[in-house]
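Protein chains: 2
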Amino acid sequence: MDPAVVAKQFTEYYYLTFDTDRSQLAPLYRTTSMLTFEKDQILGVDAIVGKLTSLPFSKVRHNVSTIDAQPSISPGALIVSVTGYLLVDEESNPLSFSQVFQLVPEGSTYYVFNDMFRLNVG
Amino acid sequence: MDPAVVAKQFTEYYYLTFDTDRSQLAPLYRTTSMLTFEKDQILGVDAIVGKLTSLPFSKVRHNVSTIDAQPSISPGALIVSVTGYLLVDEESNPLSFSQVFQLVPEGSTYYVFNDMFRLNVG
Numbered sequence: 000m001d002p003a004v005v006a007k008q009f010t011e012y013y014y015l016t017f018d019t020d021r022s023q024l025a026p027l028y029r030t031t032s033m034l035t036f037e038k039d040q041i042l043g044v045d046a047i048v049g050k051l052t053s054l055p056f057s058k059v060r061h062n063v064s065t066i067d068a069q070p071s072i073s074p075g076a077l078i079v080s081v082t083g084y085l086l087v088d089e090e091s092n093p094l095s096f097s098q099v100f101q102l103v104p105e106g107s108t109y110y111v112f113n114d115m116f117r118l119n120v121g
Numbered sequence: 000m001d002p003a004v005v006a007k008q009f010t011e012y013y014y015l016t017f018d019t020d021r022s023q024l025a026p027l028y029r030t031t032s033m034l035t036f037e038k039d040q041i042l043g044v045d046a047i048v049g050k051l052t053s054l055p056f057s058k059v060r061h062n063v064s065t066i067d068a069q070p071s072i073s074p075g076a077l078i079v080s081v082t083g084y085l086l087v088d089e090e091s092n093p094l095s096f097s098q099v100f101q102l103v104p105e106g107s108t109y110y111v112f113n114d115m116f117r118l119n120v121g
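As you go down the protein sequences, you meet chains A and B in turn.
Taking numbering that gives the first Met the number 0, the leading residue of the first sequence gets 0, the next gets one more, and so forth.
Taking numbering that gives the first Met the number 0, the leading residue of the second sequence gets 0, the next gets one more, and so forth.
It is worth saying that the hints were derived from the structure and are not from the lab.
Mixed in with the good hints there might be a few duds.
Pairs involving identical chains hold if they fit within one copy or between any two copies, as the list cannot separate such chains.
[What the hints assert, rightly or not] Here are the computed lysine to any residue pairs in the SDA-like style, where the Cα-Cα straight-line distance is at most 20 Å:
1) K7 x L54
2) K38 x Y84
3) K50 x L85
4) K58 x Y14
5) K38 x V63
6) K38 x E105
7) K7 x D39
8) K50 x G75
9) K58 x F17
10) K50 x R21
11) K38 x V4
Full structure from sequences and hints, please.
Here is the structure:
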């Protein structure tokens, strides 16, 4: 499977789901999954979804600028690097972000093992 | 080994070496290493160092804003996500960048298996 194709399909699904109903991201994570969200380190699907759904905004829209993907050293896994900007609630100032995923194959699909999100400020 | 400690030591060494003499980054890469630099995909230490040393600037300084690290799914390996800005030649406008590494253990040290660099523009 072409890493660029998987990365594009994954990010389209991920950000559409995030921006529509982020509780629905749960099936993408496992008990071993890790999220670094700004400075916070969170382990496991329940804590990750708890974090995502408790973020202090009700509306969010991600706009993706670049998607890069490479095969990981672990067979079949991919590293995906995303840059873009997001708009929150009624804010008109876009916030630049970077997000990194490691996607690990499971059956005919992938789950998120690593997820690291940062706003690019300063 | 604490991923945060390894990531900090690695990024300090990497950007100091990059900004001083980027040809000296060769020992960090292997024939299986991958670099995505903006849109360009480059495989193997020789091609990677060739790319890095042919970048069209003579002076560069990286300033790191954030470093995040997580264990990878591959035993002992780490994913490192860096954001920051860089200054090139006599430019006074800092350019925001994102860079992702996967570091893989080898003996008592690590090499770079994945390297993905993007400027954050727009």
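Now the hints, each set against the structure:
Proximity of K7 and L54 under a CA criterion of 20 Å is satisfied in neither setting, with 25 Å inside one chain copy and 28 Å between copies. Taking the closest pair of Cα atoms, K38 and Y84 come within 20 Å of each other both inside a single copy (19 Å) and across two copies (19 Å). When the C-alpha separation of K50 and L85 is checked against a cutoff of 20 Å, the pair qualifies only within one copy, where the shortest distance is 18 Å, while the shortest distance between copies is 32 Å. In this assembly of identical chains, the alpha carbons of K58 and Y14 lie at most 20 Å apart only when taken from the same copy (13 Å versus 38 Å across copies).
With identical chains, the CA atoms of K38 and V63 are at most 20 Å apart between copies only, with a shortest distance of 15 Å across copies and 22 Å within one. Taking identical chains as interchangeable, the C-alpha atoms of K38 and E105 are never at most 20 Å apart, the minima being 29 Å within one chain and 29 Å between chains. In this homomeric assembly, K7 and D39 come within 20 Å of each other (Cα to Cα) only across copies, at 17 Å, whereas the closest approach inside a single copy is 26 Å. In this assembly of identical chains, K50 and G75 lie within 20 Å of each other by CA distance neither inside one copy nor across copies; the values are 28 Å within and 27 Å between.
Taking the closest pair of Cα atoms, K58 and F17 come within 20 Å of each other only inside a single copy of the chain (10 Å); across copies the shortest separation is 41 Å, beyond that limit. Taking the shortest alpha-carbon separations for K50 and R21, only the intra-copy value of 10 Å comes in at or below 20 Å, while the best inter-copy value is 40 Å. Taking the closest pair of Cα atoms, K38 and V4 come within 20 Å of each other only across two copies (15 Å); inside a single copy the shortest separation is 30 Å, beyond that limit.
In the structure shown, a violation is registered for the earlier hints numbered 1, 6 and 8, in ascending order.
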